[in-house]
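A.B. asks: Turn these sequences into a full structure, and let the hints steer you where they fit.
So you can see what is in the structure, the chains are spelled out below.
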Amino acid sequence: MADFFQAIDQFPVTLKHWLMTQLGGVLPEWAEPLVSAALSITPILAVFPLMFALTTVIERKGLGRIQNRIGPNRVGIPLTNIRLAGFGQFIADGIKSLIKEDVVPRAADKVVHFLAPIALLIPVLLTYSVLPFGRNMVPLDLPQTGLLFFFAVGASTELSVFMAGWSSRNKYSLLGAMRAIAQMVSYEIPLILSALTVVMMAGTLSLSGIVERQMWHVAMPGIPGDQDGLLARWFLFTPWGLVGFFLFLTAAAAEANRTPFDLPEAESEIIAGYFTEYSGFKFAIFFLAEYLGLFAMCGLGITLFLGGWLPPVNFAPFTWIPSWCWFLGKLSALIVLFIWLRGTLPRLRTDQLMGFAWKFLLPMTLINLVVAALWHLLANSIPLVARWPLCFAMLAVPYWLLGRGFEAKFTKREYRFAN
Amino acid sequence: MTAPVDTSDPKQLGADTDGTQFMTFHDLAYDAGKTVFQRKAQPVGQGREGELLEVAMGPQHPSTHGVFRMDVVLDGETVVKLKPVFGYLHRNHEKIAENTSYLGSMPYTDRLDYFCSLTNNWAYALSVEKLAGLQVPERAEYIRLITAELTRVLNHTCLAGFLLQDMGALGTPLMYAFREREKILDLIESLTGARMMCNYMRFGGCRCDLPAGWLDEAKKVVAEYPKFLDEFDALLSGNEILMARTQGVGKLSAELAISAGITGPMLRASGVDYDLRKVDNYGLYSRYPFRVPLGSHGDVYDRYMIRMLEMRESLKILEPALKDIPEGPVVDPKAKLRGFRPKPGEAYGRIESPKGELGFYLISDGSPNPYRYRVRPPSLINLTILEDMCLGQTVADAIVTLGSVDIVLGEVDR
Amino acid sequence: MTLPFAIIAGLTVGSAIAAMSLRNLVHCALSLVLTFAGLAGLYLQLNAEFVGFTQILVYVGAVAILIVFAILLTRSTEPKDEPATVTPWIGIAVAVGAFLTMALAVLASPVGKRVAAPAPEVSVKTLGQKLMTDYVLPLEVMALLLTAAMLGAVIIAMKDKEGQR
Amino acid sequence: MTPLSGYLFVSALLFCIGLAGALTRRNAIMVLIGIELMLNAANLNFIAFWRFSENPETMTGLTFALFSIAIAAAEAAVGLALIITIYRHFRTANVDKVEDMKG
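Chains as they are written, first to last, in the working numbering: chain U, 7 to 425; chain H, 3 to 416; chain R, 675 to 839; chain X, 44 to 146.
Some hints here could point you the wrong way.
To be verified - Under the rule of at most 25 Å between Cα atoms (straight-line distance), these lysine-lysine pairs were calculated in the DSS-like manner:
id: 1; chain 1: H; residue 1: K318; chain 2: U; residue 2: K418
id: 2; chain 1: U; residue 1: K418; chain 2: H; residue 2: K345
id: 3; chain 1: H; residue 1: K336; chain 2: H; residue 2: K132
id: 4; chain 1: H; residue 1: K229; chain 2: U; residue 2: K418
id: 5; chain 1: U; residue 1: K415; chain 2: U; residue 2: K365
id: 6; chain 1: H; residue 1: K253; chain 2: U; residue 2: K415
id: 7; chain 1: H; residue 1: K185; chain 2: H; residue 2: K222
id: 8; chain 1: H; residue 1: K280; chain 2: H; residue 2: K318
id: 9; chain 1: U; residue 1: K67; chain 2: H; residue 2: K185
id: 10; chain 1: H; residue 1: K85; chain 2: H; residue 2: K185
id: 11; chain 1: H; residue 1: K253; chain 2: H; residue 2: K85
id: 12; chain 1: H; residue 1: K185; chain 2: H; residue 2: K132
id: 13; chain 1: H; residue 1: K280; chain 2: H; residue 2: K325
id: 14; chain 1: H; residue 1: K85; chain 2: U; residue 2: K177
id: 15; chain 1: U; residue 1: K106; chain 2: U; residue 2: K22
id: 16; chain 1: U; residue 1: K102; chain 2: U; residue 2: K22
id: 17; chain 1: H; residue 1: K280; chain 2: H; residue 2: K132
id: 18; chain 1: U; residue 1: K102; chain 2: U; residue 2: K116
Stated by the list, open to error - Going by beta-carbon spacing under 8 Å, a handful of chain R positions derived as facing chain X:
id: 19; residue: M694
id: 20; residue: I741
id: 21; residue: P762
id: 22; residue: V770
id: 23; residue: V780
id: 24; residue: P784
id: 25; residue: S797
id: 26; residue: M816
Keep in mind that the hints were calculated from the coordinates and are not lab data. Glycine is no exception: its CB is placed at the ideal position from the N, C-alpha and C atoms.
C.D. replies: Written as structure tokens, this is what we have:
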């Protein structure tokens, strides 16, 4: 029984191995690494854009539900009455954006304008290469620099945003690009710092290594969990992990331009931000890159805090579910969370956004780093029951203090009435 | 005789191109009276030409509420100059009205503030009744009161939705607001036959009586409304982001508001107790006790909250009014529809429309057409103050401030 | 010389030439980013993964952004009627002279023909330990320098702003 | 594997391109870009010499390169802040036109 589920779990890996052995005799030697890489990339290129396509529909339908609307429900199979509950919408959208006229402003810097969406999509796709999607499923396992690779490649998207904003020769584009860069640079710091907490505790930069550290059978001082190994030791279940996860999620929302941090493309202020002047397929690529960036951020958050592809508990029906299903499931849950946020919250202002990053997130991540170190140091001297509340209190108090500064400024008001 | 303007020379086309001096509408408006406030505008562009960014927001812009343009000069994200430009929707409303019969203008008033056509109708009917000395039967007065307050509720509900939309809340509050608006629009449709272009009031009454069962429907809507308002309040009024985005933004002092002729909720948000329903006591407002909420900061949050509170007060009027409405004719039988020629004279009728003081000034020379027909549109006059509220704040604030002024371009441009 | 090296080196040098010779400053900055990325590729070729990715994180993610911001803030899209360079021939002659000297030195030196030892195992852990033990003083000095640079940059930018008002 | 001389040539080329740019371009930002190129060329040398050294375990070149990257970042931040200040004062980023030290 377990073997059967094991086989399903490892199905993509075995398939690739089988293909490579079949091709082994046929291919010239120099082509083998290329084919192997292509085989590793193909599932990523197949699964995540498809997920993007489905997410656009789900997002519209979800927002519709939040807003007392129905959302897209028409497009199905052409020439029939089958509507697929609107899930054909993304195909129609894709065809539409493919055949739409590609308008380039006359004053635009044509080359840079053309390169910007590509320069945005490629780094975003590259970030996927270090994410462990399942057991033994890392396209590019960098044992020493995995997380650094993720952030280095992720940081280069800022430049593509600038390219798009600057080359359009549109003031809204430029404003949007400036906002986006300022926001990405500012939020990268809390993002990296909250991830660094995990690196410090796991002792590795490799993402698959970090997932393995959250497994039940790896003895790690300082991580709670059942000693028999029934409960997972996700970093989320530690005080620093819990706080770190929410800090990470906040910074990730800003990094991925999601509400309430979607200022770079705040349509009520600056039309569509840096891609105001993009139409047709280039716009679709921006859209795609944005969502893929969000998925990659969510994937990283899952890997760092939510145990990656690990099930929450270590007994039968849960462990039968393939590891990549767990990963995709957690990813979907986070995406739904972001859709929910988008349907609920208004948007912050630029200065408030910056203030939030520098005055709240950054101190919190730094304190979190210290608390994590303390958690590790106290592992052998204080029992878990006392250590957990202690460390949590050490995070809750600064949270309360920092938050009070924001609350004091804005309060609900009492209104008087004229006689 | 001035030299002809050379259109190829940007400097002659208007001083705005060099970024140093241009006159905004309210410069003109204030210079006419005595200036009681100091302009916040600092000398702009001295040695910093290269660092400032001039952006024309609109006429095609998602959040200028129609075809309206703001020529904004930005220092980074800070607004250092803002010039409202309107007139894209100018339809010659006043001139057309002077060339058509009195009754012929009634449908045109619908198009002024197309959200609140019933109050527009009322204001116009009121001024013509003043001009011709007509009396309105009590039932018609009740209908006018009810429809006007329903319109106020409708307008304020939508405004809250639009304001949140400007704040980036992606339609959720707007859709909640529209759901409620739809209920009121259904009532208005069953009463007048049209959802927005009602053309309902007549001189000396209303066009038709209430359809059967209308009052019960209206009572149901009014009874359910506080629940929606509670929900809206819980969802929005205490939201930290909303408070952070609106408190202290777009401040308007009471002195400036008075001297600029601001009316309506915007004036009351600045703390001035001035509500035409109380001041003029027109219609049947004296019969029903209601309170006038006043703000103290004059910022966007106050403007938003004043409207939320006003809706509750309107419901307090509506509830008893729907019960008290008597039977009787809805239009003064003596009022002539055909060959309506008021005696020579002039009249100014005004009401508290949801957006402020809406007045119609009419001069009759005894002919079937008004000799002079003039609208005092609250949207336009409330808008003139925009630059003073936005200077020194960010673009995002300017958008929210514009949203809080509550304009409808049909009324601004006429 | 291997093929990947030739491609990356060609890209690096080519984009460096573009970065120094294009008229439009934003294009220069974008070419410079390509140079930085090419250099990171060379570092990867040299088995210095950590430094390579740090190079991308710092140079592409931060320095390049700073440069384009500075270009936009100073409106340095140069006027067309003004030559972009001063006394080009002297500068280029100096550079060519320097290059010839270095190239001759490299050719003459026996070090140049040295073949690399098998790739050393560089783990981040050992790198960190080195930084915290052998190189702790430079690390502290660096931290001090970065703090000073940050303060300095903030003060330079701030003072002027106050002067304006 | 490419021999050390290959890397040294690339590094020398980069250095000289940076030098030529820094010497000839008028715009202060371009001068700074030239200096950045020169620093990067030096970095490449550090890494190359580390990789081809007798005992790479000491990681001298690596750490030096890391420090050099940090210095370059600081240099860029301060340099560009200075350029922006100069621009605000003189309304130009042209190095030739900024001759008046009194400000």
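A.B. asks: Given the hinted pair K418(U) and K345(H), is their Cα-Cα distance within 25 Å?
C.D. replies: violated (54 Å)
A.B. asks: Please work out if K415(U) and K365(U) have their alpha carbons no farther apart than 25 Å.
C.D. replies: Within the cut-off at roughly 14 Å; holds.
A.B. asks: Does K280(H) pair with K325(H) here, judged by a C-alpha cut-off of 25 Å?
C.D. replies: At roughly 22 Å apart (the allowed maximum being 25 Å), K325(H) and K280(H) satisfy the hint.
A.B. asks: Compare the distance between the alpha carbons of K253(H) and K415(U) with 25 Å, and conclude whether the hinted pair is satisfied.
C.D. replies: holds (16 Å)
A.B. asks: Given the hint that K85(H) pairs with K177(U), test it: the Cα-Cα distance must not exceed 25 Å.
C.D. replies: holds (17 Å)
A.B. asks: Is the straight-line distance between the alpha-carbon of K336(H) and that of K132(H) 25 Å or less?
C.D. replies: Holds, because 15 Å separates the two Cα atoms, which is no more than 25 Å.
A.B. asks: When you check the alpha-carbon spacing of K185(H) and K132(H), does it fall within 25 Å?
C.D. replies: violated (33 Å)
A.B. asks: Mind checking the alpha carbons of K318(H) and K418(U) for me, to see if they're no more than 25 Å apart?
C.D. replies: OK: K318(H) and K418(U) at ~23 Å, within 25 Å.
A.B. asks: Is it true that the CA of K67(U) sits at most 25 Å from the CA of K185(H)?
C.D. replies: holds (24 Å)
A.B. asks: If you take the shortest Cβ to Cβ gap from M694(R) to chain X, is it below 8 Å?
C.D. replies: It holds, given that the least Cβ distance between M694(R) and chain X is near 3 Å, below 8 Å.
A.B. asks: Would you mind confirming whether the straight-line C-alpha gap from K102(U) to K22(U) stays at or under 25 Å?
C.D. replies: violated (35 Å)
A.B. asks: Should the interface hint for P784(R) be scored as holding, given a Cβ-Cβ cut-off of 8 Å against chain X?
C.D. replies: With a minimum Cβ separation of about 10 Å from chain X (threshold 8 Å), the hint on P784(R) is violated.
The earlier numbered hints that this structure contradicts are 2, 10, 12, 15, 16, 24 and 25.
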